[in-house]
Amino acid sequence: GAGVSQSPSNKVTEKGKDVELRCDPISGHTALYWYRQSLGQGLEFLIYFQGNSAPDKSGLPSDRFSAERTGGSVSTLTIQRTQQEDSAVYLCASSLRGQGAMSTYNEQFFGPGTRLTVL
Amino acid sequence: GNSVTQMEGPVTLSEEAFLTINCTYTATGYPSLFWYVQYPGEGLQLLLKATKADDKGSNKGFEATYRKETTSFHLEKGSVQVSDSAVYFCALSERGNFNKFYFGSGTKLNVKP
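Residue numbers (my numbering), protein chains in the order written: chain A, 1 to 119; chain B, 1001 to 1113.
The set of hints was computed from the structure by calculation and includes no laboratory data. Quick caveat: nothing in here was measured; it's all calculated off a predicted structure. Any given hint could turn out to be false.
As the list claims (entries may be wrong) - Once the Cα atoms are required to be at most 27 Å apart in a straight line, the calculated DSSO-like pairs of lysine-lysine come out as:
#, chain 1, residue 1, chain 2, residue 2
1, B, K1056, B, K1068
2, B, K1100, A, K57
3, A, K11, B, K1108
4, B, K1049, A, K57
5, B, K1052, B, K1077
6, B, K1112, B, K1068
7, B, K1068, B, K1108
If we strip away everything but chain B, and leave its shape as in the complex, we get (with noise of 0.2 Å):
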């Protein structure tokens, strides 16, 4: 079956700091994976995707590599700053049928000035 395993938050940085959320995921196929981010009193919204192995995800200076090999897809940056602070959610969904997406548990993020 399909499922997204992202690492326990939170995870608290001073600003500034390098960022990596850790995201494994299993899946049958070829899926495609997604950051969303959700800022406090906020929505959902998509931060980055890949739609294939070896794609990089890239938004408001967060990065994502899909790796089919090791079948993760941690997300990176390399200073971030206090707007960052926010709940952080991989999911993917499977090649071909993006009417159902797998979430992970979400990481929080909370970055100190």
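Extracted from the complex, chain A is given alone in its bound form (with noise of 0.2 Å):
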């Protein structure tokens, strides 16, 4: 099947202005992760959602950024006001179910990811 999509694959924005990154998590996946890998860094984590309980807002950098889940389904990550140092390549990844205290590991699987430049 399918795997995680995201879109666009590339963006390119003036500072100041906001914008929407898309992700298509694989169907049926309960779990849908934003990170971003800005230039020569690691991964970081930006947020997690998992069904219906509340996002686990905490790597989020500012309140310029914020995201949803529609139907538990499709996610949308924004960025208002956006500066330069947004810049970076936002990856999304899906995984099959929650992943609590009592779970045992569950793969993520990452889309292409979205590179945003901030002009």
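Make the complex out of the two chains shown on their own, each in a separate frame, by following the hints.
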């Protein structure tokens, strides 16, 4: 079946503009993650959704960043008033079920990412 | 806090050479450890994992052993192929909390024929 898809693959925007990045997880996957990869850096956790539970937003770097997940499927990451330091590759991943304290690890499947460039 | 440090790349090897990519970690408690690989033009995918000390993860000829005493999870392969050219990421998650992963900065491997 289809993997995780993300759109757009590339986005160039001007400083101060808002952008929306989209993630389509694998069908049936209840958990969805957003990460950011800045040049030369590792992946930075941003936010995690699991089913209908409140998302874990602890990784969002500022209140300019927000994300939602509609109907437990598609997710949108929104960055308001973009800054040059927001330039990075934004990665989305999904997994089969939640990974709580009593759960075993479930593999995350990653999308190809959206490369965001803020001029 | 939690963090992962891996050797900087790029690493360039000839085909059939021995590969080691170093990874060390800092963690509270007893984390689970992972290696992810990103082939050119593709998304990250899990390569192998180990969930407790002394476990060895293995896949596609790659191996890594969870060393608690040295807080390391070095990736090794005895004989690399051109098709192994990719970026490799070491990562950890806290035991019982797989919501958050901490990734290293990635090591690019180039294998020449």
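Hint by hint, here is what the structure shows:
Between the alpha carbons of K1056 (chain B) and K1068 (chain B) the distance comes to roughly 12 Å, so the proposed pair stays at or under 27 Å and holds. Of the supplied pair hints, the one linking K1100 (chain B) and K57 (chain A) holds, its CA atoms being roughly 11 Å apart against a limit of 27 Å. For the given pair, K11 (chain A) sits about 24 Å from K1108 (chain B) by alpha-carbon distance, which is consistent with the 27 Å threshold. Only pairs whose Cα atoms come within 27 Å are accepted, and K1049 (chain B) paired with K57 (chain A) is accepted, the gap being roughly 26 Å.
Note on K1052 (chain B) and K1077 (chain B): the hinted pairing holds, with a Cα-Cα distance of about 21 Å set against a maximum of 27 Å. With a C-alpha separation of about 34 Å, the suggested pair K1112 (chain B) and K1068 (chain B) falls outside the 27 Å cut-off, and the hint is violated. In summary, the hint linking K1068 (chain B) to K1108 (chain B) is supported, as the alpha carbons are separated by about 25 Å, within the 27 Å threshold.
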